[in-house]
Amino acid sequence: MFGLGKHMSRMREQAGLPPGTLVHIGEKKVEEVRITVIDYDGERFQERVVDSVEECFPYKDKPTTTWINVDGVHDVGIVEKLGDCYGIHPIVLEDVVNTVQRPKMLDFGDYIFISLKMLYFGDSKRDGVKVEQVSLILGQNFVISFQEDVGDVFDTVRERIRKGTGKIRRAGSDYLAYSLIDSVVDGYFVIFEWLGERIEEVQERLVTDPTVANLQAIHSLKSEMINLRKAVWPLRDVISNLERVESPLIRKETLVFLRNVYGHTIEIIETIESYRDLISGMIDIYLSSISMKLNEVMKVLTIIATIFMPLTFIVGIYGMNFRHMPELSWRFGYPVVLLALLTVGVSMLVYFRRKKWM
Amino acid sequence: MFGLGKHMSRMREQAGLPPGTLVHIGEKKVEEVRITVIDYDGERFQERVVDSVEECFPYKDKPTTTWINVDGVHDVGIVEKLGDCYGIHPIVLEDVVNTVQRPKMLDFGDYIFISLKMLYFGDSKRDGVKVEQVSLILGQNFVISFQEDVGDVFDTVRERIRKGTGKIRRAGSDYLAYSLIDSVVDGYFVIFEWLGERIEEVQERLVTDPTVANLQAIHSLKSEMINLRKAVWPLRDVISNLERVESPLIRKETLVFLRNVYGHTIEIIETIESYRDLISGMIDIYLSSISMKLNEVMKVLTIIATIFMPLTFIVGIYGMNFRHMPELSWRFGYPVVLLALLTVGVSMLVYFRRKKWM
Amino acid sequence: MFGLGKHMSRMREQAGLPPGTLVHIGEKKVEEVRITVIDYDGERFQERVVDSVEECFPYKDKPTTTWINVDGVHDVGIVEKLGDCYGIHPIVLEDVVNTVQRPKMLDFGDYIFISLKMLYFGDSKRDGVKVEQVSLILGQNFVISFQEDVGDVFDTVRERIRKGTGKIRRAGSDYLAYSLIDSVVDGYFVIFEWLGERIEEVQERLVTDPTVANLQAIHSLKSEMINLRKAVWPLRDVISNLERVESPLIRKETLVFLRNVYGHTIEIIETIESYRDLISGMIDIYLSSISMKLNEVMKVLTIIATIFMPLTFIVGIYGMNFRHMPELSWRFGYPVVLLALLTVGVSMLVYFRRKKWM
Amino acid sequence: MFGLGKHMSRMREQAGLPPGTLVHIGEKKVEEVRITVIDYDGERFQERVVDSVEECFPYKDKPTTTWINVDGVHDVGIVEKLGDCYGIHPIVLEDVVNTVQRPKMLDFGDYIFISLKMLYFGDSKRDGVKVEQVSLILGQNFVISFQEDVGDVFDTVRERIRKGTGKIRRAGSDYLAYSLIDSVVDGYFVIFEWLGERIEEVQERLVTDPTVANLQAIHSLKSEMINLRKAVWPLRDVISNLERVESPLIRKETLVFLRNVYGHTIEIIETIESYRDLISGMIDIYLSSISMKLNEVMKVLTIIATIFMPLTFIVGIYGMNFRHMPELSWRFGYPVVLLALLTVGVSMLVYFRRKKWM
Amino acid sequence: MFGLGKHMSRMREQAGLPPGTLVHIGEKKVEEVRITVIDYDGERFQERVVDSVEECFPYKDKPTTTWINVDGVHDVGIVEKLGDCYGIHPIVLEDVVNTVQRPKMLDFGDYIFISLKMLYFGDSKRDGVKVEQVSLILGQNFVISFQEDVGDVFDTVRERIRKGTGKIRRAGSDYLAYSLIDSVVDGYFVIFEWLGERIEEVQERLVTDPTVANLQAIHSLKSEMINLRKAVWPLRDVISNLERVESPLIRKETLVFLRNVYGHTIEIIETIESYRDLISGMIDIYLSSISMKLNEVMKVLTIIATIFMPLTFIVGIYGMNFRHMPELSWRFGYPVVLLALLTVGVSMLVYFRRKKWM
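Residue numbers (my numbering), protein chains in the order written: chain A, 651 to 1008; chain B, 651 to 1008; chain C, 651 to 1008; chain D, 651 to 1008; chain E, 651 to 1008.
Just chain A, with the same shape it has in the complex (with noise of 0.2 Å):
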């Protein structure tokens, strides 16, 4: 997921091409495009799943609010479309159907586009992170959402919405872009809590057994969170610069709601840059437990050589052919000198111990 070259290499195929020409850039997630429709009021309330992008169109009109959620951005026809009716700017319609760029929130005056990052796992845990952007686009009456793949996040502002549970059927399409933002942002924390695991299984690997595959599991968990931060970090802005806007489409009672998912944000960031703290603080760990095992195998090495070393210069002594060498023809001078070694030995035992060598 976190290839560096790949995500440039996308960004490359529209080099080149006048601005406002669609082109989808990054993978084909999905293979058929859904559509759904989701029509209320305070009283009524329709879903419908459509076949094909046109039915979408009467929607516009009407003074309920609408929430059309386009899963898989691929088709750059069907986004077209949709742009066209409902009035959008090409260049509005390029970034959806573009999915590696940052989050960002521009103000048409109309319509507001915001486009983030969701992030989700894969299948299980064990693929990893995946990073797919969610696009808003939140009219006077209606919120067009589209995704790169058919996703659930958004499911329980569904069912908030089929149930008419709390405010959001009464409250416009302002508090529905804002239900949104604030399901993929819940999402982080799901994401987050499973990182801050990954980080204390490695660091608690890593001191019993400092080897450099798990040095490198460190780098990856640190390259992942510069991803990761890459697709959280400028959502502060947006969020912030929504708060700011002062554009007609987001009412007074809707900015506190704002203001909640913006403080959510700012926990992740400083989630984030803990973590970051905590990782750099695990490399340093390593590399003391690399000296601490190269210090263990240079005491071993220097008793045996300190110990070894006299005792066969002693015995070397003693294997010499001089003729005249009074020792060697003494009663006990093979006993007195075993005894030696021995004494020797031993006390350099008690000298190292002492020292705490041993």
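If you are wondering where the hints come from, they were derived from the structure by calculation, not from laboratory data. Mixed in with the good hints there might be a few duds.
Repeated chains share a single entry, so a pair holds when one copy, or any two copies, can fit it.
[Stated by the list, open to error] Taking lysine-lysine and the DSS-like style, the derived pairs with C-alpha atoms no more than 30 Å apart in a straight line are:
1. LYS902 x LYS731
2. LYS943 x LYS880
3. LYS813 x LYS712
4. LYS813 x LYS767
None of these values were measured; they are calculated from a predicted model.
Starting from the known structure of chain A, arrange chains B, C, D and E on it as the hints suggest.
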């Protein structure tokens, strides 16, 4: 207390719920919710523990200053009823029962919501620092405070109200809120004094005994610091916003006191920063202590090897079995060689002493 | 390309001259200056290579949009004449012919001067990244662009004008200037994709083969990054200023496109920052790989020494020439000693395997 | 002076007291409080040491400029009486007697409160740098200054008033306050000169003698720098606020002088930053000096081992007891082997000298 | 030049004096003060060296532009007289004679004071970079410049005035001031080119020869960089303030030139920052070169030990004096053992070559 994943996992419990749904997030720290009401003005003073939350409602319309303190926020029903009576926005109540948020301050015109983190020791200092969320709602003539546990940081404020010392009885609800914030911040100093002592302790142990265990002690200090920083840092903005909010709820006389507590917060933050500096300096000392130890070990090895290798070589020469080795049959061959060995050994020792290796 | 001193030495050539004196600073990259004029509006389109600079002058007063592209800025006379005709301030012309400046944007009311850096590969990717200065002068109905070499980054823009695709023929000179900037920024993505691949390449080589040569490869990547950063970073301010300049030369419709290219610039800058993070992480990996290798070597040494030192000591004992050494005359003395040697050696090996040193 | 815990513990003494309660925090540095009054205008001048604080009261309503200097702030009664007479807010008096606060500046309309840190040496430079809090209250026609000890940094100001040199006698209380601040800041230069010398001293010792003791000397310098930084850094804001406060108490003529002392403060801060840079560079030098020493030791070991191991092996060969070893009975076997040993040894030495290991 | 303590000690000389007292701080670099006056307008031009400062006074009221250049500021009397005549505030004159201040810019309405640092080489490049303070006072029709020494950085400006080339004779005093600042900044490029070359030089030496001497060369480069940064960095604000000062003294036409020199300053600052990056990268290379060298040494040791320890053990076996060692009496025992020794030795060498240790 500072488990990485735990914090996040609690946050997740709320993911997907409509905003304004009250869900208690965090540990349930006290069995039963306890509500105390203190009602006073310059002349009168009344203090009581109420049995049901409804007993608090009549105080709403009294002109006197009312302080309702709620110990325990896990019973969301109580929080909700109190909030309804005093006209508090559901999103504020959500923040009250979510105890793992960062400190914040929100101005709703009629009332101001302030949430901050109280730091205190558990039953003994051995248990480490505990973090508890304190929420304050400051209205025209009331302050509602929520704590997670039956704490005693506010006891000095209670005492001052009871005794009528200082200006607290004559000043209004804003001064009461300030007093509560001030006592929370005062509590920080106690905690950071203790942390400073622990840092010095570890520092001393580190130089004399650079083990991985001590390195981990540093790193646990470091991540504790990261966590306390996250609790304290946002307070700076909270209080600075309080100063500049220009709400009629905060009178001009109280501003000078807020400025004072703001200064204390800055001081705490600077202390945290210098502790961080110190801790990263300790890691340097640690790493170089390890290097020094390795150096010492290597020197011993080198001295031993450098002394005994030449000596062993010399005795090896006279252990050769050549038929024609005139020295072997010399009368004083053996003592001369012994003397030579001694000379070589001693001169080496002198050399090393000169090189300051011993 | 990234010689430290060279850059400065060129700068110096101008030191001491009065401001506004045109001196070409930089390499002469093309033999002859080539001037092409493209003149168009919604209906008409004309493209020609002019022989002398004077042929450009008549276009000045035509209402159509004129794009004058100059390849090669070493002939200061041509630049001066063109500048005189279009009423350009001498200090701007000085910036045009000084090709070692940082990107900048200056608003002179009648026209806006923009200078930026174009990145491209030499004849082959082996030659590395080349940096070329592109200067744009945006007037009411003209854009003058200066390049150092006959480049082709602008070819896609030319093609679009020729074919009349997109809105370029209908939009004015500001949209043309935007298109040129956009194609320069698009070119960055190609370069940074290639750099990302090179970083990954070096990273892989590094772990398997931590030599000083590879460390220097990292450092050359790092200083290349520093240089590209210097070329790209100021662009952020240039485009941000263009957005906010409130000049009548830039129409409101063009702003949304500038905002788009601004987003791309931010993305490039963030990519540079994460590359820098990755590179500094690689140095960590490198240093610890060296330590690991040292550890491995030390272990081999220690194992050898620890096994053979005691063995050599034992055989030394039985090489002593004492007259009274009963073992020497034992029938099975020799095989017993051999067996003892074997036992000692094997048990050491077992010990090391248990300690995971082998 | 720089104990971590001590600072905090003093702060704690006040925890829980109502704000405005005067509690002296800090060491009692002088036995008896000494109050001196200097009263002057362009013509007249009077200086006296008063016995009781009440003697200061009559100066309040005199049109002349009055400087009341209080040495010793542990007697809170005196501070309180003085404050009452001059109408000072209790929270200011609290700051005056709390000597462990960070520098601050508060504008109360009628008067301005400034607190800063005076740095000076103890009885000898050996005692290190002492930090003392100086509080100034600047009113329309008076300045009250509080010091912890009987100091002499202000003597030059006193002298100037006595002699009537410079403009001090003609200028008002704001110029007096400026003069006092200026003399405190001038004192910093003396301290930082001395610190610069100490840094150079340690730096020299470090390269020649990289011991852990010297590393700790660096770290004590570093934490001293952290502490001095905490004392000086906030001064920047204090003086910058004074410049911009737009109080009638500070006349326009005085602003240029404040700007001057502001420049000095910036200079001190930049000096601190470059000292910090230097100190962290020293740690690099230290660590690499250790590595170099280890390298040197290892080389000696390797040279010794590499020379004597082969030699010992050769002599070992001729120590074998094979019956059929023709060399042993050669006439010149022994001298030939000795020559061979010499050749091997010398050629090794030559090899090492070529490799620059010796 | 960059002694830590010296700088401060000079600053101290002024400590305690009343502000506005002129005390020369810094080295006396020239014996006698030399004053030159250049007076010009579009038509006329006059240049003379004056003998006494009084000769400058008549120029004050002439409508022509007057440039008074003072070489040498140690004679405070001259500075004072000149200041009195032109109505300069004493605090400015104090800054003029205090040559160890940071660059600053002060607007006094009637005149603007600018102080900056001139960098140049001593008599030869070997002497290193010299820093000299240049002070400019820009008035309606005059510029007074103060230098510490008889310098020649301004010669090109003088030449342009003499020859009347460029617009300098027609433009006013603000353009003259700009020209002087510009020539100072141009001089920086020469210095930083030389520094870039020195960095490259040290870098090359470092890899081939990682000695502590070279590390100290890096650190001296680093602290030189810190010092030059202190001289150049504030210039950014100085020029940026000049641009925005909105003084009638600086005409709109001159602003574009100031913006140009501002760009150069930014370029110099970015160069400093990338040099700092490079230097800290060099320390990494240095440290890892040391590690590599240690590795190399350790490998040699390990190879020697690993080859000779087993061999010595084998010959030791046959040096034992057991009576019953059948091999000893074998006919080909000796050659067989020699062959075995050779086999062991060679197979070890092959093993090491495979492991790439040789």
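Exercise. Taking 30 Å as the upper bound on the Cα-Cα distance, should LYS943 and LYS880 be classified as within, between, both, or neither?
Worked result: Classified as neither; 37 Å inside a copy, 35 Å across copies.
For this session: Up to 30 Å between alpha-carbons, please classify LYS902 paired with LYS731: within, between, both or neither.
Result: between (32 Å within a copy, 25 Å between copies)
Exercise. Are the CA atoms of LYS813 and LYS767 at most 30 Å apart within a copy, between copies, both, or neither?
Worked result: within (27 Å within a copy, 37 Å between copies)
Exercise. Can you tell me if LYS813 and LYS712 fall within 30 Å by alpha carbon in one copy, between copies, both or neither?
Worked result: within (22 Å within a copy, 41 Å between copies)
Going through the hint list in order, the structure does not satisfy hint 2, though it satisfies all others.
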